[in-house]
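K.L.:
Chains as they are written, first to last, in the UniProt record's numbering: chain A, 1 to 333; chain B, 1 to 333; chain C, 1 to 133; chain D, 1 to 133.
None of these hints come from the bench; they were simulated from the model.
Being a predicted model, the structure only gives us computed values, none of them experimental.
Be aware that one or more of the hints could be misleading.
[To be verified] Distance condition first, Cα-Cα at most 25 Å in a straight line; then the derived DMTMM-like pairs of lysine to aspartate or glutamate: (1) B:195 <-> D:85; (2) A:50 <-> B:62; (3) B:111 <-> A:11; (4) B:195 <-> B:211; (5) D:88 <-> B:184; (6) A:131 <-> C:112; (7) B:111 <-> A:312; (8) D:88 <-> B:100; (9) A:50 <-> B:59; (10) D:108 <-> B:62; (11) A:195 <-> B:239; (12) C:27 <-> B:55; (13) B:131 <-> A:59; (14) B:263 <-> D:8; (15) A:157 <-> B:98; (16) B:297 <-> D:35; (17) A:50 <-> D:35.
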Amino acid sequence: MVQKIGSQYKEILNQYMQRQSEQNLYVGQNFSRQLISENTSPEDVISMHKAAMQELYEEMPDTVWHSFDFLIEMMINYGLALQERQSLLQRQEELRMEMDLAANVQATLLKTTMPSLDGLDIGLLSVPLRKMNGDYIYFISDENGHAGIAVADVIGKGLPAALCMSMVKFGMDSMNDSMAFPREVLSTINRIVEKSVDDSMFVSMFYGRYEAETSILTYGSAGHEPAMLYRAETGEFEELTVKGLLLGVSPMATYEEKEVELKKNDMVIMMTDGVTEGRTAEGFIDRQVINELILRKIDEPAQVMVQYVYDELVRLQNAELSDDFTLVIYKKV
Amino acid sequence: MVQKIGSQYKEILNQYMQRQSEQNLYVGQNFSRQLISENTSPEDVISMHKAAMQELYEEMPDTVWHSFDFLIEMMINYGLALQERQSLLQRQEELRMEMDLAANVQATLLKTTMPSLDGLDIGLLSVPLRKMNGDYIYFISDENGHAGIAVADVIGKGLPAALCMSMVKFGMDSMNDSMAFPREVLSTINRIVEKSVDDSMFVSMFYGRYEAETSILTYGSAGHEPAMLYRAETGEFEELTVKGLLLGVSPMATYEEKEVELKKNDMVIMMTDGVTEGRTAEGFIDRQVINELILRKIDEPAQVMVQYVYDELVRLQNAELSDDFTLVIYKKV
Amino acid sequence: MSNQSSVEIQTEWDIVAARQLGRNVAKELGFGTVDQARITTAISELARNIYLYAGQGKIEIQRLTENGINGILIIAADSGPGIPDIRKVMEDGFSTSGGLGAGLPGVKRLMDDFKIETTLGEGTDIRATKWLR
Amino acid sequence: MSNQSSVEIQTEWDIVAARQLGRNVAKELGFGTVDQARITTAISELARNIYLYAGQGKIEIQRLTENGINGILIIAADSGPGIPDIRKVMEDGFSTSGGLGAGLPGVKRLMDDFKIETTLGEGTDIRATKWLR
Ligand SMILES: [Mn+2]
Ligand SMILES: [Mn+2]
Ligand SMILES: [Mn+2]
Ligand SMILES: [Mn+2]
C-alpha cells in the first residue's frame, strides 16, 4: 500500500521534473488530496519525495538529502496537527448527532396539544433559530370550553435556554388547572423559575385564559412581547399591554390581568420578540409590517396567516433569522 | 515578520547542514512548534526551506529547485487542512462554553440537598462522563428523620439524557413526600416518564426510604444496578436485588419493595452502572474489586470511601471512563 | 483599472487552462511562488465545481488596482442548478473530510475576499480576490 | 527479551541526550527515517514534560521482542507532583492550540501504545511502545 503510493508519487514527480507544466502540477495536487483523504502525514510526503528523488537522481550532493531529513523533522508536528483535525471533525460529527437527538427529546418532552374550542380558529407556528427551541407554547384545556395558553421565551438561546424551558413545562403540568387565571399562573411559575435557575436566566411569558361560553380572553404578561388585538368591526389593531415583571426576577412579583371579549372575526395575535425584532438591510421590521401581512390574508384560516407571515418575514430578512420565532393567532369565528 | 522567520529558519537549517546533530534537530523541531502556533502553513515552510537552500547553496542543479516547487504545490491542501483545524478548535471552544453554561443551568435545576440524619454518615460522588450528567441523585427529608433517596441513570449519555433527567426531578418535586414508599414513588415516576419521553428513552432508578428511628431502609428498583449491603458483623457484602422494570417501558409496571435494618457500621452502597461496568485492559471491573476498595477504607468516613473508590477506579481504567459515575454510601454510625 | 481574460469550462482540460491563466496573471502581478500556488488552487477548485456540478460555465481573471495596491479577482460564473443550502457548503468538514478537496471554505481561506451569489435554477456567481501585500 | 538504557532528565540538554538515545535505538532496530523522527519526537515531548513539570525524572528506552516482532518502549518516570486531571491533559487542543507542543495526545498518536499512571504528590509513569511493521 505505502509502496504503491510511493511509486505513484515517484511517477507524478518524474513527469513534473521532465516538464514543469500546469498539467503536471494539477495531477500532483489531485494526488495530494487523495493522500490527505488517506491520512498520509506531511512528513510521509517529504519522505516519499526524498525517496523518489534518490531513485531519480542518485548523483545529488549529500546536502540535498540532509535538507530533506531536516524537513521531515520539521513536519512531524504538522502531521500531529493534521491528525488532531481528523479527531476534531469526528467529534464535531458526534456532537451534531447528539444535538439532533437532544432536540428530539426536547420536542417530545415539551409537546403540547392544541385545544379544539367552539368558535375559535387557532393558527400556530414555532421555529427554532438553531437546533433547540428557546420559545415555548403550552396549552391546557377541558371539556367545558376553558383553555389556557402560555407563550414563553427564555432570555438566551441554544442549550441553556432549552434546559430552562423544561422547568416551565413541568411547572404548568403540576398546576394542571385549565380554569386558572393569568395572575395565579404567572406568580406560580415565577416562584418556580426564581427558585430553580440562577440569577442570569429569565423567562418572559404571556398567559391567556379563554372561556368559549363567554368568548372572553383574560390575559397577563410577565415582561413578554405584547399581544395584538384585531377588531373586525373597525379593521384596526391595538396592543394588549399589561404590567408584569419577567419570571425569575423576584419571588414577590405580582401580575396584572385584563380581559377582552372577542366578537366575530376578531383576532388575538400572540408572539415572541423573534417575530417583531427581525432586521432587514433597511432596519428593524416594525409591527406595522406584520399587521399588513396579516391583513393580506385576513379571510384565510388562522394557520394560513401565521405561515404566510413567517414566509414573508424570512424573505424580507434574506433568510437570516436572529431569534427563535413563535406566532399564534386566535380567531373568533 | 515573515522575513525574520525566514532568516531564523535559514540560520537553524544552516546549523543542521554543518552538523547533523540531535541538538540541531531539537532546535528545528522547537522552531516548527512556534511556526504552527503562528499559523505558518506547511507550504510556507517548504518555501522558506527552498529560499534558505538557495541562499546557502547557489550552485545546486535546477532539479532541486523544481522539486521544492512541486512540494509547495503538494502542501497547499495540507495547509488548508491545518487552517480547518484552527477553526474547528475555535468552534469546539465555543461549544464548550455553551455546554458549560448548560451544565450550570442543569446543576442549578437539579440541585438537591443532602439530608442530615441521626446515626447516618452519607458519602456521595457523581461525576459526569462529559459535560452533562445523565446520572442523578435526588434527596427528600423531613424533621422527623424520614428521608428518601433516588439514584437514577438515563439510558444514554450527554445532552439527551440530561434533558430527560429534568423530568425525573420535577416528578419527584411534584410528589414532595418524604414518607412515600419505593413502590409508590417508582410507579408515579414511571407513569411520568412513560408519558413524556419517546419509546427509545428509559431511566433506571433505585429508591430508598430511610427511617432514622428504626434504622430501616426500604428499597425498590426500576431495572437499576443493585445496591450492596455490607454487614459489619460478618464483614461480608450482599447484593440487594429487587424486581422492577425500567421506568418508561410500560405504564402498568409495578414495583417490588424490600427492607433491611441497618446495625452499627453496616453500609448500604448505591451506585449506577458507570461504577461497575468500567473496563481495564484485562476486562471488566467486577464488584469484587469495588468491595475490596471499600474494605481498604472501612474505618474512614463515607465521603472518604466514595472518593477513594472513584480515584482507584479511574486509575485502573487508565483515566478512560466510559459512563457517568455515581456512588452513594449510607453508613450507620 | 482592470484587465481581464477568461476560460470557458467544459472539460477537465479547461480546468488546467484556467489554472494556467490564473498562475500567469498572478506571476505577472508579482505574487510569490506560494501565493501563485494558492491562487491557482482556488481557481482549480472553482473550475472543478463548475465542471462537476454545473456542467459548464466560465472562469474569468481580472487584474485589480485599488488605492495603489494590485490584486487579482477570480470570477466563477455558471448557469447551473444553483446551491440549495449555502450554509451547508460553507461549513468546515462538509466537503473536505471525504477528501473531496478544499471546497468553498478552502477557496475562502486561500483568498482575501470571497462573495457568493446563487439562485436555484439560475446559477451561481462566485468572486474571490487576493491582494498583493 | 529486552535490553535497556536510560537518561536522567535534569536540564534541557538531557532532553537532547534522551532524543539521541531513542533515535539510535530506533535506527538500530530498523525503523525508517520518519518513524525514527516520530519516536524521537515522542521522547522529546515526554522528557520536556519531566523537565518543565516534574523538575527531574528519567527516560528509559527498552528494546522489545514479542511474537517475533521488534519494538521500542519508552518509559518516562518522575516523582513530581502528578497530574491532577488526566482527562484534561489527554484532550485535543488543550495543550496544542497554544503552540505548547504535541502534548500527551501527540505522544499517543506518535506511538502504537500508550499508558499513563499518575498519583498526586507521588509522580507519574508513562509507557509508550512502537512496533516495527
Ligand atoms: Mn429566547
Ligand atoms: Mn426571543
Ligand atoms: Mn446513563
Ligand atoms: Mn450508566
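K.L.:
Need the list of violated hint numbers for this structure, in ascending order.
P.N.:
Numbers 1, 3, 4, 5, 6, 7, 10, 11, 13, 14 and 16, in rising order.
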